[in-house]
Amino acid sequence: MHFCILGAMSVTENGTDRTPSAPKHRQMLVLLLMNANRVVSMAQFIEELWEYSPPPRAVAAVHTYVMQLRRILHGDGAPSAAGSSGRLVTRDQGYLLRVQDGELDLHAYEQRLRAGRAALDAGALEAGVRHLRAAHALPGFVDAPTGPLLRAALAATERDRGESVVRRVDAELRLGRHHQLLPELASLVHQDPSDERLTGRLMLALYRSGRRADALGVFHRLCRVLRDELGTSPHAHIHHLITDILVGHPRLEAPSSAEPHLSLDTVALPPRTTPTGRSATSDTVLLSV
1 MHFCILGAMS VTENGTDRTP SAPKHRQMLV LLLMNANRVV SMAQFIEELW
51 EYSPPPRAVA AVHTYVMQLR RILHGDGAPS AAGSSGRLVT RDQGYLLRVQ
101 DGELDLHAYE QRLRAGRAAL DAGALEAGVR HLRAAHALPG FVDAPTGPLL
151 RAALAATERD RGESVVRRVD AELRLGRHHQ LLPELASLVH QDPSDERLTG
201 RLMLALYRSG RRADALGVFH RLCRVLRDEL GTSPHAHIHH LITDILVGHP
251 RLEAPSSAEP HLSLDTVALP PRTTPTGRSA TSDTVLLSV
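In this text, residue positions in the sequence shown follow this note's numbering: the first is 1, and each later residue adds one.
If you are wondering where the hints come from, they were derived from the structure by calculation, not from laboratory data.
One or more hints might be untrue.
As the list claims (entries may be wrong) - Below, computed lysine to any residue pairings styled on SDA-like, alpha-carbon distance capped at 20 Å: (1) 24 <-> 12; (2) 24 <-> 56; (3) 24 <-> 70; (4) 24 <-> 96; (5) 24 <-> 14; (6) 24 <-> 130; (7) 24 <-> 145; (8) 24 <-> 53; (9) 24 <-> 61; (10) 24 <-> 152.
Stated by the list, open to error - Label-pair restraints from in silico Cβ distances: (11) 143 <-> 98: 31 to 37 Å; (12) 180 <-> 37: 22 to 28 Å; (13) 16 <-> 108: 32 to 38 Å; (14) 67 <-> 232: 51 to 57 Å; (15) 23 <-> 183: 32 to 38 Å; (16) 140 <-> 180: 29 to 35 Å; (17) 232 <-> 108: 37 to 43 Å; (18) 19 <-> 156: 21 to 27 Å; (19) 102 <-> 232: 45 to 51 Å; (20) 180 <-> 246: 24 to 30 Å; (21) 13 <-> 176: 21 to 27 Å; (22) 233 <-> 111: 39 to 45 Å; (23) 121 <-> 233: 20 to 26 Å; (24) 210 <-> 37: 49 to 55 Å.
In this text, a Cβ means the ideal position worked out from N, Cα and C, and glycines have one as well.
Assemble the whole structure, with the sequences as input and the hints as a guide.
As structure tokens, this is what we get:
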């Protein structure tokens, strides 16, 4: 059986589509898959499905949904609700979904991230970039309704993904791939114009590609977005970077393999919180890359 929750949700077994179609079934299955091989308690199901307003017979409803989900996953030969065989089993006043190695795309994504980070930590930049690019090429989450537990889990996963993107970009800058990074960085900044980590890296890549005027333009757009939408200004490291760009400081040049890499001092900085409802395309960076 193969489970996909990255992008379009799907469940297949030997060519047979077993993807649930009902919203509650899909939501429960994603929660089980995000906790694959771990018990999801009845309380967690109720919180996820109904948040602050569960129905009077919420426990019975969860039991019914699980029974229906078993039938979808197992076909006509579904085990009993209390059985220990099959995929979806009863455990400790909750339920556990058994998933084998290689059956869940989320696990493949997480394995790529771990391999990429380990390679970068060991100084193997090429291998680290290769693993992280493979992870980042996978689609994002998730084609199913979400309640509070899934929203929190998915938000944490997206933050983790964002941090790994920054690490990969830094590695590629150290490898001298500033020009190749321009389309991706421009797209990422377009999606979130207030992200100073990525904007600083776009400015550096533009400068190293001989496009100082464009780097200055990106800086001014960042200042305008932060002022108009957040009532603030860029962190000091961005001002230091733009000063170095203006004077053409040698430390901005692409390093050789033997040189220490430039630190933008942004990896440890959390992205600023943007106001609810901010358009991701407002005052975006429009660059010809």
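Check whether the Cα positions of residue 24 and residue 56 lie no farther apart than 20 Å.
17 Å, holds
Verdict for residue 19, residue 156 (Cβ pair) under range 21 to 27 Å
Holds, since residue 19 and residue 156 (Cβ atoms, about 25 Å apart) stay within the stated range.
Pairwise hint evaluation, residue 70 against residue 24, where the allowed Cα distance is 20 Å at most:
Distance of about 13 Å is within 20 Å: holds.
Given the hint that residue 24 pairs with residue 53, test it: the Cα-Cα distance must not exceed 20 Å.
15 Å, holds
Taking the CB of residue 232 and the CB of residue 108, does the distance hold inside 37 to 43 Å?
The hint (37 to 43 Å, Cβ to Cβ) holds, given that residue 232 and residue 108 are roughly 39 Å apart.
32 to 38 Å as the expected CB spacing between residue 108 and residue 16, which holds or is violated
21 Å Cβ-Cβ, so the 32 to 38 Å window is violated.
Is 22 to 28 Å a correct range for the gap between the Cβ atoms of residue 180 and residue 37?
39 Å, violated
Outcome for the supplied range 39 to 45 Å, where the beta carbon pair is residue 233 and residue 111
With a Cβ separation near 40 Å, residue 233 and residue 111 satisfy 39 to 45 Å, so the hint holds.
Run the distance test for residue 24 versus residue 130: straight-line Cα separation, threshold 20 Å.
Distance ~37 Å between residue 24 and residue 130 Cα, so the pair is violated.
For residue 140 and residue 180, compare the CB-CB distance with the range 29 to 35 Å and indicate the outcome.
With a Cβ separation near 22 Å, residue 140 and residue 180 fall outside 29 to 35 Å, so the hint is violated.
Below or equal to 20 Å on CA atoms is what counts here, so check residue 24 against residue 14.
It is violated: about 25 Å lies between the C-alpha atoms, which goes past 20 Å.
Assessment of proposed distance window 31 to 37 Å (beta carbons of residue 143, residue 98)
22 Å, violated
This entry does not satisfy hints 5, 6, 11, 12, 13, 16, 21, 23, going by the numbered hints stated previously.
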